[in-house]
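J.: Respectively, the protein sequence lines represent chains A and B. Heads up: the first sequence runs through residues 40 to 250, numbered per our numbering. Heads up: the second sequence runs through residues 2 to 255, numbered per our numbering.
Honestly, the hints are just simulated from the structure, not real lab data. Warning: the hint list may mix true and false statements.
The calculated lysine-lysine pairs, modelled on DSBU-like cross-linking and capped at a C-alpha distance of 35 Å, are [to be verified]: (1) B:LYS136 / A:LYS79; (2) A:LYS245 / B:LYS76; (3) B:LYS142 / B:LYS76; (4) B:LYS136 / A:LYS176; (5) B:LYS76 / B:LYS123; (6) A:LYS176 / A:LYS191; (7) B:LYS76 / B:LYS136; (8) A:LYS162 / B:LYS76.
Quick list of the computed label-pair ranges, beta carbon to beta carbon [claimed, not checked]: (9) A:LYS245 / B:ALA145: 16 to 22 Å; (10) B:GLU141 / A:LEU55: 45 to 51 Å; (11) B:GLU3 / A:ARG177: 42 to 48 Å.
Virtual Cβ for every residue (Gly too), placed ideally from N, Cα, C.
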Amino acid sequence: MGNLLLQMLAGTVTSLKIFALTLLFSLPLGLLVAKGRMSKNPIISNMVNIYIMIMRGTPLILQLLFVYFAPYYIFGASYDRFTAVIVGFVINYAAYFAEIYRGGIQSIPIGQYEASLVLGFSKTHTFTHVVAPQVVKRIIPAMGNEVITLVKDTALAQTIGVAELFRVAQNASARQFSTMPIFIAGVFYFLMNALVSRSFDLLEKKLNYYH
Amino acid sequence: MEIISVANLKKEFDGLGVLKGISFTLNKGEVLSIIGPSGSGKSTLLRCLTQLEPIDGGTIEVCSKTMVRTTEAGKVSYANKETLKEVRLNLGLVFQSFNLFPHMSVLRNITEAQMHVLGRSKEEANQVGRSLLAKMGLEEKEKAYPCQLSGGQQQRVSIARALALNPDVLCFDEPTSALDPELTGEILKVIKDLAKEKMTMIVVTHEMSFARDISDRVIFMDDGLIVEEGTPQQLFNDPTNPRTKRFLNRYEQN
Numbered sequence: 040m041g042n043l044l045l046q047m048l049a050g051t052v053t054s055l056k057i058f059a060l061t062l063l064f065s066l067p068l069g070l071l072v073a074k075g076r077m078s079k080n081p082i083i084s085n086m087v088n089i090y091i092m093i094m095r096g097t098p099l100i101l102q103l104l105f106v107y108f109a110p111y112y113i114f115g116a117s118y119d120r121f122t123a124v125i126v127g128f129v130i131n132y133a134a135y136f137a138e139i140y141r142g143g144i145q146s147i148p149i150g151q152y153e154a155s156l157v158l159g160f161s162k163t164h165t166f167t168h169v170v171a172p173q174v175v176k177r178i179i180p181a182m183g184n185e186v187i188t189l190v191k192d193t194a195l196a197q198t199i200g201v202a203e204l205f206r207v208a209q210n211a212s213a214r215q216f217s218t219m220p221i222f223i224a225g226v227f228y229f230l231m232n233a234l235v236s237r238s239f240d241l242l243e244k245k246l247n248y249y250h
Numbered sequence: 002m003e004i005i006s007v008a009n010l011k012k013e014f015d016g017l018g019v020l021k022g023i024s025f026t027l028n029k030g031e032v033l034s035i036i037g038p039s040g041s042g043k044s045t046l047l048r049c050l051t052q053l054e055p056i057d058g059g060t061i062e063v064c065s066k067t068m069v070r071t072t073e074a075g076k077v078s079y080a081n082k083e084t085l086k087e088v089r090l091n092l093g094l095v096f097q098s099f100n101l102f103p104h105m106s107v108l109r110n111i112t113e114a115q116m117h118v119l120g121r122s123k124e125e126a127n128q129v130g131r132s133l134l135a136k137m138g139l140e141e142k143e144k145a146y147p148c149q150l151s152g153g154q155q156q157r158v159s160i161a162r163a164l165a166l167n168p169d170v171l172c173f174d175e176p177t178s179a180l181d182p183e184l185t186g187e188i189l190k191v192i193k194d195l196a197k198e199k200m201t202m203i204v205v206t207h208e209m210s211f212a213r214d215i216s217d218r219v220i221f222m223d224d225g226l227i228v229e230e231g232t233p234q235q236l237f238n239d240p241t242n243p244r245t246k247r248f249l250n251r252y253e254q255n
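Looking at chain A on its own, in the form it has when it is part of the complex (with noise of 0.2 Å):
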């Protein structure tokens, strides 16, 4: 039994650091992405568009065996299953929070910008000191749900044989005969999403000064 738990709690160390590494990249690019979105040029709007619909419109297991298979066999070239695991969800990642981030950007009144320019703020501090401040509370109820979807995706990460910590319990389970395994890891998914829920809370009270 404790040898069990052993080995779950380094799969959940794999998790932990695909969820770690997967917000770590997708949280800015998706504002990149999302700039892109709501661009100017109707060329590169629609391409990243068209990007955000592949994204959200295919299944992320389908996605994650695309990144890791393709350039095998186009490139005949291999590399580490980690790194496919980590690109295959910031690509899928940033894409959700675009959305999310173009949402907030847009549901600024215009008067927030209108007055940043007559007072005479420059772009680059209209948007960090006006207009993203105001965004971040507007998303966070949006972000929250997101963030825990992370939580429970990292499973699909053995799809390319990462063992996170629902293979592992797979494994166990089948070596022992027992559904015992999965239900702990069950537990563990449920622990972490309490605590992301909890730091979410937190921080929705501790932007709730105004409104």
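Dock chain B against the given chain A, drawing on the hints supplied.
T.: For chain B alone, coordinates are given in the frame of chain A:
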């Protein structure tokens, strides 16, 4: 001394003329009110002056700088970036809907541009901010957030925010239209006090008696044109244009 000089200003929205050739000048220390029915182009005129709307023809000069002019071939040509930025700081604008920054404290609303745009130190900006808040009767509210203030208080903060940059001209775009009548008075009093201090102002307003009280000159606009212009006495007591008469009569009836 002329601070603003506008000649033959034209603005269209989707081919529809909103300003059809506006010309006027504003002297230092003068208070100019612009009245007229909704849709006559009053607000658009202010938005063109403050660079919120690009113009489609004419010339605007502010503090002896040409902000925008139109060539003989009819091409509109704006000044370079630096000049436009200078002109932007020559003019302050108070919005109908305040447009305060909701996530910043009252004091921060007033200091942000001082620090970022004028490069004032935090201490200096705070000092200027506090003295303006005191002038607006809001010294207790510096730590409050806009959502905790009444509409009248928010509008006073936004006036302080504009004044903090020491504009040469302060423009008001229907500053009391979003307020209920009880709160209108406190804003009008602030503007009156500024007029006493010889602040140069352009006030777009629907408050006729107020325009009569504080203005040195009144412009009546209708359908994108200046119909009549004169001192408050001339315009309100003895309007010459039938359109002005009809407009003012309707106000007196109400």
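J.: Given the hint that B:LYS136 pairs with A:LYS176, does the C-alpha gap stay at or below 35 Å?
T.: 33 Å, holds
J.: Against the 35 Å threshold, does the CA-CA distance of B:LYS136 and A:LYS79 hold or violate the hint?
T.: 44 Å, violated
J.: For the pair we were handed, B:LYS76 and B:LYS136, check the Cα-Cα distance against 35 Å.
T.: It is violated: about 45 Å lies between the C-alpha atoms, which goes past 35 Å.
J.: Would the hint linking B:LYS142 and B:LYS76 be met if the CA-CA limit is 35 Å?
T.: 48 Å, violated
J.: Please work out if A:LYS162 and B:LYS76 have their alpha carbons no farther apart than 35 Å.
T.: 27 Å, holds
J.: How does the Cβ-Cβ distance of B:GLU3 and A:ARG177 compare with 42 to 48 Å: does it lie in that range?
T.: Check passed, 45 Å falls within 42 to 48 Å.
J.: Given the proposed pairing of A:LYS245 with B:LYS76, does the C-alpha separation stay at or below 35 Å?
T.: 52 Å, violated
J.: Check the hint pairing B:LYS76 with B:LYS123 against an upper bound of 35 Å on the C-alpha distance.
T.: With a Cα-Cα distance of about 43 Å, the restraint between B:LYS76 and B:LYS123 is violated, given a limit of 35 Å.
J.: Measuring from beta carbon to beta carbon, are B:GLU141 and A:LEU55 in 45 to 51 Å?
T.: 49 Å, holds
J.: Please work out if A:LYS176 and A:LYS191 have their alpha carbons no farther apart than 35 Å.
T.: 24 Å, holds
J.: Cβ-Cβ distance between A:LYS245 and B:ALA145: within 16 to 22 Å?
T.: 18 Å, holds
This entry does not satisfy hints 1, 2, 3, 5, 7, going by the numbered hints stated previously.
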